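Chemist: Spelled out, the chains give:
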Amino acid sequence: DVKVTQSSRYLVKRTGEKVFLECVQDMDHENMFWYRQDPGLGLRLIYFSYDVKMKEKGDIPEGYSVSREKKERFSLILESASTNQTSMYLCASQDVAGELFFGEGSRLTVL
Amino acid sequence: GESVGLHLPTLSVQEGDNSIINCAYSNSASDYFIWYKQESGKGPQFIIDIRSNMDKRQGQRVTVLLNKTVKHLSLQIAATQPGDSAVYFCAENYGGATNKLIFGTGTLLAVQP
Numbered sequence: 001d002v003k004v005t006q007s008s009r010y011l012v013k014r015t016g017e018k019v020f021l022e023c024v025q026d027m028d029h030e031n032m033f034w035y036r037q038d039p040g041l042g043l044r045l046i047y048f049s050y051d052v053k054m055k056e057k058g059d060i061p062e063g064y065s066v067s068r069e070k071k072e073r074f075s076l077i078l079e080s081a082s083t084n085q086t087s088m089y090l091c092a093s094q095d096v097a098g099e100l101f102f103g104e105g106s107r108l109t110v111l
Numbered sequence: 001g002e003s004v005g006l007h008l009p010t011l012s013v014q015e016g017d018n019s020i021i022n023c024a025y026s027n028s029a030s031d032y033f034i035w036y037k038q039e040s041g042k043g044p045q046f047i048i049d050i051r052s053n054m055d056k057r058q059g060q061r062v063t064v065l066l067n068k069t070v071k072h073l074s075l076q077i078a079a080t081q082p083g084d085s086a087v088y089f090c091a092e093n094y095g096g097a098t099n100k101l102i103f104g105t106g107t108l109l110a111v112q113p
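Order-wise, the sequence lines are chains A and B. Taking this note's numbering, the leading residue of the first sequence gets 1, the next gets one more, and so forth. Taking this note's numbering, the leading residue of the second sequence gets 1, the next gets one more, and so forth.
If you are wondering where the hints come from, they were derived from the structure by calculation, not from laboratory data. Predicted model only: the values in this text are computed from it and were never measured. Note that CB positions come from ideal geometry on N, CA and C, so glycine has one too. Do not rely on the hints blindly, as some may be mistaken.
[To be verified] Below, a list of computed lysine-lysine pairs in the BS3-like style, where the Cα atoms sit at most 27 Å apart:
hint	chain 1	residue 1	chain 2	residue 2
1	B	Lys-42	A	Lys-70
2	B	Lys-56	A	Lys-18
3	A	Lys-71	B	Lys-42
4	A	Lys-13	B	Lys-42
[Unchecked claim] To give a feel for the contact side, a few chain B residues facing chain A, derived at Cβ under 10 Å:
hint	residue
5	Leu-11
6	Ala-24
7	Tyr-25
8	Asn-93
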């Protein structure tokens, strides 16, 4: 089974702090994604990556950056957290057929 | 079906009844569709998928129907059980080089015992 692991399930940070959300997948998938999920808005794509050191902006990249130094790891970075970034963050990797496999999510609260 | 705004549409069914959850997708060029189930506090899980060259696909207790004419997707769950209670949402793949999935906002299925 594909396993996508997000390192933190729950985080509480203060405004202005730098936040790292880590995601690791074990199926050698090339494509990885970061989404945020908010009530009534569904999943919105922040950034995605097709390969190591490659990244593409999604629909809402403002305030975020990403890092893909190794194929299995895709990190989401909030350089200076703000209260409107309080959300559930979901990482996913994608197989060649197009199916996404999600992690359990990281719920971030910014005070 | 799909929602706009802050309130998630809810489908309430009795245990043992069949459930039908609907989704309207946006792009006539989309060629791959997936239904996901998300239980409270968990990440979305794959249920079933369908490609645009098909109208119907069946899994275990679930059936997905695709109507390309009206850009409509439905998920049918037979003999709904309490464990089926979750948020269900559809995703469409625009295809091409990006291979990105676009997600609907979801429907909450509440199964009454």
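Chemist: When you check the alpha-carbon spacing of Lys-13/A and Lys-42/B, does it fall within 27 Å?
Modeler: Answer holds: Lys-13/A to Lys-42/B is near 21 Å, not above 27 Å.
Chemist: Please verify that hint: Ala-24/B, Cβ, nearest Cβ of chain A, below 10 Å or not.
Modeler: Nearest chain A Cβ about 13 Å off; hint violated.
Chemist: Per the CB criterion, is Asn-93/B less than 10 Å away from chain A?
Modeler: Holds. Min distance 5 Å.
Chemist: Sort out whether Lys-42/B lies within 27 Å of Lys-71/A, counting only the CA atoms.
Modeler: holds, 24 Å
Chemist: Is Lys-56/B within 27 Å of Lys-18/A, Cα to Cα?
Modeler: Outside the cut-off at roughly 47 Å; violated.
Chemist: With a cut-off of 10 Å, does the beta carbon of Leu-11/B approach a beta carbon of chain A closely enough for the hint to hold?
Modeler: This hint is violated: Leu-11/B lies away from chain A, its Cβ roughly 16 Å from the closest one there, beyond 10 Å.
Chemist: Taking only the CA atoms, is the gap from Lys-42/B to Lys-70/A under or equal to 27 Å?
Modeler: Cα-Cα ~26 Å, so holds.
Chemist: Less than 10 Å between beta-carbons is the criterion; does Tyr-25/B satisfy it with respect to chain A?
Modeler: Result: violated, 13 Å to nearest chain A Cβ.
Hints 2, 5, 6 and 7, counting from the list given before, are not met by this structure.
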